[in-house]
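If you want the building blocks of each chain, they are given just below.
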Amino acid sequence: MLRNCPIPFPPVRSVAVAAAVFAASLFAGAGLAAPVIGEPAPDFTATDSAGKTWSLSALKGQPVILEWTNHDCPYVVKHYASGNMQALQREAVDAGYVWLSVISSAPGKQGHVDGEEAAGLTESRNAAPTAVLLDSEGAMGKAYSARTTPHMYVIDADGMLVYMGGIDDKRTTDVADIEGAQNYVRMAMADLSQGAAVGTPVTRPYGCSVKY
Amino acid sequence: MPCARAEQSPRMPRGAPGQRARAVLLLLGLLLLAAPPAPSWSAASRVTTEHVTARLVTERSVVAPGESVDAALVLDLRPGWHTYWRNPGDSGEPPRIDWRLPAGVEAGPIRWPLPERIPVGPLANYGYSGRAIHLVELRVADDWPVGEPIAVVAEAYWLVCEEACIPEQSRFALRLDTAARSGPADAAVADVFGAARAALPLPGSVAASFSRDGGLLRLEVPVAALRARLSLPEDFQIADVAFFSDAWGLIEHAAEQRWHARDERLVVDLVPGAAPPDVEPAGLLVIETPDGPRGVHVDAGASAGAAPALDPEAFDTASLGLPGALLLALLGGLVLNLMPCVFPVLAIKALGFARQGGAPLRERALHGIAYTAGVLTFFAVVAALLLALRGAGFAVGWGFQLQSPLFVALMAYLFLLLGLSLAGAVTIGTGLMGIGGGLETGRGHAGAFATGGLAALVAAPCTAPFMGAALGYAVTLPWLPALTIVLALGVGMALPFLLLTLVPGLAGRLPRPGPWMERLKQLLAFPMFATAAWLVWVLSVQVGSDGVAAVLAGMLLLALSLWALEQTRHASSAVRRGVGALAVLGIGTALWLGAATERQTAPRHDALAGEMPPASHTGLSGVAYSADVLSGALAAGRPVFVNMTAAWCITCLVNERVALSSARVARAFVRRDVLYLKGDWTNRDPDITRYLSGFGRNGVPIYVFYPPGRQPEVLPQLLTESLVLATLGDDT
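So the protein lines, in turn, are chains A and B. Okay, so the first sequence: first residue is 1 according to our numbering, each after it adds one. Okay, so the second sequence: first residue is 1 according to our numbering, each after it adds one.
So here's chain A without its partners, still in its complex pose (with noise of 0.2 Å):
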């Protein structure tokens, strides 16, 4: 009969990798694009300065800050000299928070480390990350389209992206700017905890480039 006749459709699959394949066309060139405010973050899976394997589906029901991050970059060294990052982590790992600090400088380019120097950056900065990332490879970094370090970005708990952007508006090198200056990853925690929407998503990032 031919009304039982199915209607040769191309299948769903190969009509999302078409779609995908004309959405990257369109991007070429682009090299990034950024994730999306009020969306879910980008999965990711790396391995961390210990060699655990770390997944953001993983962490469902946690919420997350990514910090991306690179030992030598002078606004980088503002924000550890001045103790800033380490206060800020400590905060928002009590508050509940999975902190991961994420190494995406190429192998050969600085602020590249292995495992061993990573964790001895931690310890000896006395930060206070739940892990350091090293996404070498930079897969997680363009995922996220991690531009400076610092690059902050908040996930709440549901896995939706709710902040990316600058540690602070205080765009400089010089750690007398980091007081008084409105730090956006407190003021996100501080709407989260609220139940609110983060008054401010979206931020230019600042800082040296990520070395991919």
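None of these hints come from the bench; they were simulated from the model. Computed from a predicted structure; not experimentally measured. Cβ coordinates follow ideal geometry from the N, Cα and C atoms, glycine included. Mixed in with the good hints, there may be bad ones.
[What the hints assert, rightly or not] The list that follows gives simulated cross-link-like pairs (lysine to aspartate or glutamate, EDC-like), each with its CA atoms no further than 20 Å apart:
id: 1; chain 1: A; residue 1: LYS52; chain 2: A; residue 2: ASP114
id: 2; chain 1: A; residue 1: LYS170; chain 2: B; residue 2: GLU363
id: 3; chain 1: A; residue 1: LYS60; chain 2: A; residue 2: GLU137
id: 4; chain 1: A; residue 1: LYS52; chain 2: A; residue 2: GLU137
id: 5; chain 1: A; residue 1: LYS109; chain 2: B; residue 2: GLU163
id: 6; chain 1: A; residue 1: LYS142; chain 2: A; residue 2: ASP48
id: 7; chain 1: A; residue 1: LYS142; chain 2: A; residue 2: ASP94
id: 8; chain 1: A; residue 1: LYS170; chain 2: B; residue 2: GLU256
id: 9; chain 1: A; residue 1: LYS142; chain 2: B; residue 2: ASP98
id: 10; chain 1: A; residue 1: LYS170; chain 2: B; residue 2: GLU566
id: 11; chain 1: A; residue 1: LYS142; chain 2: B; residue 2: GLU256
id: 12; chain 1: B; residue 1: LYS521; chain 2: B; residue 2: GLU566
id: 13; chain 1: A; residue 1: LYS109; chain 2: B; residue 2: GLU162
[As the list claims (entries may be wrong)] Residues from chain A that keep clear of chain B, each with C-beta distances beyond 12 Å, as calculated:
id: 14; residue: PRO35
id: 15; residue: THR47
id: 16; residue: GLY51
id: 17; residue: ALA119
id: 18; residue: THR130
id: 19; residue: GLY166
id: 20; residue: ARG171
id: 21; residue: PRO205
id: 22; residue: VAL210
Following the hints, position chain B against chain A.
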């Protein structure tokens, strides 16, 4: 990565770091090759770091109170290293200068040269390599004591990056002397300031539209406006385009920018950035030209997303808005009544009306309305023609009909005819749908209608003040509001006569008719003859002496034919028929001669624009406008005064006579080394039409002063000598 270690200390020590002596020596060697030797540094201070040689220089070492001097922070960068533009792109930080200046001295903002796009892996920065020059204007107050030196101290911060980044800072101190007159430009730094100005975006901004289209942010700019602002030739083909957004997040800085030019619009497809949607869509559009890259600021202007208005930021017209434009048009129309080409027509009309005495109100009102309808019909026809021509892609502007020698010749005939009629040499039959019929006695409404049309027709050469801005705004609008503005002009023009007919007491206040009216009529013939003479002169500019000869011959034949007709009015029918045939032949020949002017070629445009005859223009000699001359002078940092004029534009001629021809003005131009560029729009000239449209204008006159390195200033359409002197900064 030889310099990675330096990044560990966010502050570099001031002065030359001794432990890096080798690199410093190398750099010094390079600098000796690149920079002039010591004497020029007397007014500067210089710091050399591992990656940068930085200095602060001023263009002059002596400045007069009340004037300004340009300073420059010059960063000479080690190869491979770069500093940043005001929007640094994906990372980085623009240089910053904190000025420590005494009260009475103020520093302007940094004027940023065109940036380059610097790819960094999958990211991109906007910045500079080689040499980055940051120009800043320092203004000294009027009351600064002459002779008292100025201590200029600046703390500058910059981030210099290769792949790694190093923040650096330095304190510069230098001394500026003051005197009654500013000193000469320092030759040793002339190349620095010359290069800096040549690399600046062109002044002003061009209105663009930004629209979101799928996943793209589409930027569209009218090519004509770009050509005008960038002074590009008409046949210029765009070879490459780059858009640098003002703010972070408007676009993905590293994304490919696809562009095409179609239907006179340049379209650039950008990948939107992550910023919130309220970020202002604006930036720098840089176009590759044979003379190197040229850039101009583009923004969405007042009418975001809609049809672009021209130059919303820098100039007044687009911010006019419809109500403002309507008001200006109304005023312009009112003022038209006082223009020498209109006033006689209106005066005679009014007197003729008064002679009719006490016609009933209804009758009078219909008369006034018919006149108004005549004016409006004429304006509507001209506006429709103008809009249609523009729609068809012709570069035309207000007064365009006068750019046709044929039209000018016919207007000269018309004014001759009106003059003869007023002088009483000929009577134009009232039965003729005639112009003259309605002029004086025309009781019929058809006559009043015709008079209205005639008044509007003869008004064409007289661009009144206020009209320019209103009409310039009108042509940027869709046809309906544009037509409304033009009709407002007509209403303004018709208003005085309309009021005369509608307000009962008014007509009674006119002087009583009497024999004096005949004399006044004859007197008013002379402005008509004067207008005819002037139109013949316009023709001499348009088509040269042959055209003048043809039209003068035509005028003679016309006058003779009309006189012959007049004389044989009461002769026998055979004589009348014979003379009539001859007169028709004469008038026909006159028309043919007038039409022949259209085929004659212009002598050269230089009659107005080129070297002025010394007798008529005391000393102020102009150079013919061309976009190249203008951009060349601007690039060289020379102040420029642009005057766009036409032989048929009375306002232009009056301004030139009143405000631009005195010896004082000429001296001020010489003293300030101002280049006087004169554009002649007597004949059609697409370059000038484009220039006008760049300022949101559609007619002459326009006067624009370009102070070096700053936004151009548009002067009012009515000039005075003191205004010109004040604009040039020479009013002392």
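Going through the hints against the structure:
For the hint linking A/LYS52 to A/ASP114, the alpha-carbon distance of about 14 Å falls within 20 Å, and the restraint holds. Between A/LYS170 and B/GLU363, the direct Cα distance comes to roughly 77 Å. Violation of the 20 Å bound is thereby established for this hinted pair. For the given pair, A/LYS60 sits about 25 Å from A/GLU137 by alpha-carbon distance, which is inconsistent with the 20 Å threshold. At roughly 17 Å between alpha-carbon atoms, A/LYS52 and A/GLU137 fall within 20 Å of each other, so this suggested pair holds.
A distance of roughly 9 Å separates the Cα atoms of A/LYS109 and B/GLU163; the hinted pair therefore holds under the 20 Å criterion. Proposed proximity of A/LYS142 and A/ASP48 is supported: the alpha carbons are some 18 Å apart, at most 20 Å. Between A/LYS142 and A/ASP94 the CA atoms are separated by roughly 29 Å; this puts the pair beyond 20 Å, and the hint is violated. For the suggested pair A/LYS170 and B/GLU256, the alpha carbons sit about 30 Å apart, so the restraint of at most 20 Å is broken.
Taken as a hint, the A/LYS142 and B/ASP98 pair is broken in the structure, with Cα atoms around 37 Å apart against an allowance of 20 Å. For the proposed pair A/LYS170 and B/GLU566, the alpha carbon gap of about 90 Å is over 20 Å, so the pair is violated. Simply put, A/LYS142 and B/GLU256 have alpha-carbon atoms about 17 Å apart, close enough for the 20 Å limit, and the pair holds. Using a Cα cut-off of 20 Å, the hinted pair B/LYS521 and B/GLU566 holds, with the two alpha carbons roughly 19 Å apart.
About 12 Å separates the Cα atoms of A/LYS109 and B/GLU162, which keeps this hinted pair within 20 Å; it holds. Interface exclusion of A/PRO35 from chain B breaks down, the closest Cβ pair being 8 Å apart, not more than 12 Å. At the 12 Å boundary, the C-beta of A/THR47 stays outside the reach of chain B, the nearest C-beta of that chain being 22 Å off. With a least CB separation of 27 Å from chain B, A/GLY51 remains clear of the 12 Å interface cut-off, as annotated.
Every CB of chain B is more than 12 Å from the CB of A/ALA119 (nearest about 19 Å), matching its label as outside the interface. Every CB of chain B lies more than 12 Å from the CB of A/THR130, the least distance being 26 Å, so the non-interface label holds. Remark: the non-interface label on A/GLY166 conflicts with the geometry, its nearest Cβ contact in chain B lying 10 Å away (cut-off 12 Å). Consistency note on A/ARG171: stated as away from chain B, yet its beta-carbon is not over 12 Å from all of that chain's, at 6 Å minimum.
Separation of A/PRO205 from chain B is inadequate, the least Cβ-Cβ distance of about 8 Å not exceeding the 12 Å criterion. Some Cβ of chain B comes within 12 Å of the Cβ of A/VAL210; the nearest lies about 7 Å off, and the non-interface call is violated.
Going down the numbered hints, you'll see the structure goes against 2, 3, 7, 8, 9, 10, 14, 19, 20, 21 and 22, while the others check out.
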